[in-house]
Amino acid sequence: LGNPGPEYTFTRHNSGFLAIDYISQKLGFKVDRSRFKALCGEVVIAGRRGLVMKPQTYMNASGEAVREAADFYKISPENIYVICDDISLAPGRVRLRTKGSDGGQKGLRSIIYQLGSDDFPRIRVGVGEKPQGYDLAAYVLGHFDKKDREVMQQAFADAADAVVMMMNDSADAAMNHFNGKKQG
Numbered sequence: 001l002g003n004p005g006p007e008y009t010f011t012r013h014n015s016g017f018l019a020i021d022y023i024s025q026k027l028g029f030k031v032d033r034s035r036f037k038a039l040c041g042e043v044v045i046a047g048r049r050g051l052v053m054k055p056q057t058y059m060n061a062s063g064e065a066v067r068e069a070a071d072f073y074k075i076s077p078e079n080i081y082v083i084c085d086d087i088s089l090a091p092g093r094v095r096l097r098t099k100g101s102d103g104g105q106k107g108l109r110s111i112i113y114q115l116g117s118d119d120f121p122r123i124r125v126g127v128g129e130k131p132q133g134y135d136l137a138a139y140v141l142g143h144f145d146k147k148d149r150e151v152m153q154q155a156f157a158d159a160a161d162a163v164v165m166m167m168n169d170s171a172d173a174a175m176n177h178f179n180g181k182k183q184g
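Be aware that the sequence shown starts at 1, since it is given in the numbering used here, and climbs by one per residue.
What the hints contain is simulated information worked out from the structure, not anything from laboratory work. Positions of the beta carbon are idealized from the N, C-alpha and C atoms, including for glycine. Watch out, some of these pointers could steer you wrong.
Straight-line distance between alpha carbons at most 25 Å, and here's what the computed DSS-like set of lysine-lysine pairs gives [as the list claims (entries may be wrong)]: (1) K181 <-> K130; (2) K99 <-> K181; (3) K37 <-> K106; (4) K26 <-> K181; (5) K37 <-> K74; (6) K146 <-> K181; (7) K130 <-> K147; (8) K130 <-> K146.
What follows is a set of in silico ranges between Cβ atoms, one per label pair, in the way DEER data are often shown [what the hints assert, rightly or not]: (9) S76 <-> G47: 11 to 21 Å; (10) A173 <-> G100: 27 to 37 Å; (11) D102 <-> P131: 21 to 31 Å; (12) F10 <-> A90: 10 to 20 Å; (13) P131 <-> R48: 39 to 49 Å; (14) V44 <-> D119: 23 to 33 Å; (15) Q132 <-> T9: 25 to 35 Å; (16) P131 <-> E7: 19 to 29 Å; (17) A173 <-> A137: 33 to 43 Å; (18) Q132 <-> N168: 33 to 43 Å.
Work out the full structure: start from the sequences and follow the hints.
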């Protein structure tokens, strides 16, 4: 998940898009076709075709794009993988879940609402807690501190690798590997 537009490219809220950029470079596919209110690309992982999406609806309406694609392809929620930022995790920390609440993340809230289910895997990328006195929107739409950039690059790689592991092996194997991994 993320927000469209160059002004948001390297912001905390675009951690999902940045992880998609990493995986598309690693696996050699492009996410540049406009469809379902999103930029889309196709990839094959573990013999399974996947549609990779960057919703262009802005974060709070991400569910519209996800629902359109899910309805068109008749994809059940448990086969939809979402990568998003999480302010409750330290910068660089990656946490996987197969279902659950939105945890205050408005993009996840939109997807849960649009799908009528919270039963989809999500990969949360820690961007750190907002400093006291900061406005939450200003914080998540802000750029990473210099000290966090390197650890975040590894987090984007881990998030991308987590999706591949979930598809190759299982969600449990990926959760066991990544949820216990130390950042940095």
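The hints, checked one at a time:
Distance hint between K181 and K130 is fulfilled; the C-alpha atoms sit about 23 Å from each other, no more than 25 Å. Between K99 and K181, the direct Cα distance comes to roughly 20 Å. Compliance with the 25 Å bound is thereby established for this hinted pair. For the suggested pair K37 and K106, the alpha carbons sit about 17 Å apart, so the restraint of at most 25 Å is met. A distance of roughly 21 Å separates the Cα atoms of K26 and K181; the hinted pair therefore holds under the 25 Å criterion.
Restraint check for K37 and K74: satisfied, since their Cα atoms lie roughly 17 Å apart, inside the 25 Å limit. Restraint check for K146 and K181: the C-alpha separation of about 22 Å stays at or below 25 Å, so the hint holds. Of the supplied pair hints, the one linking K130 and K147 holds, its CA atoms being roughly 15 Å apart against a limit of 25 Å. Distance hint between K130 and K146 is fulfilled; the C-alpha atoms sit about 16 Å from each other, no more than 25 Å.
Look at S76 against G47: about 19 Å separates their beta carbons, and that is inside 11 to 21 Å. One distance hint, 27 to 37 Å for the beta-carbon pair A173 and G100, is violated here, with the actual separation near 19 Å. A C-beta distance of roughly 23 Å is found between D102 and P131, which places it inside the suggested range of 21 to 31 Å. Restraint check, F10 to A90: a C-beta distance of roughly 19 Å satisfies the suggested window 10 to 20 Å.
Between P131 and R48 the CB atoms are about 41 Å apart, so this pair conforms to the stated range of 39 to 49 Å. V44 and D119 have their C-beta atoms about 25 Å apart, which keeps the hinted 23 to 33 Å range intact. A hinted range of 25 to 35 Å for the beta carbons of Q132 and T9 is consistent with their spacing of about 27 Å. At roughly 21 Å, the beta-carbon separation of P131 and E7 lies within the given 19 to 29 Å, and the hint holds.
For the hinted restraint 33 to 43 Å between A173 and A137, the CB-CB distance of approximately 36 Å keeps it satisfied. Distance hint for Q132 and N168: a CB-CB separation of about 42 Å, consistent with the stated range 33 to 43 Å.
Hint 10 from the list above is the single one not met by this structure.
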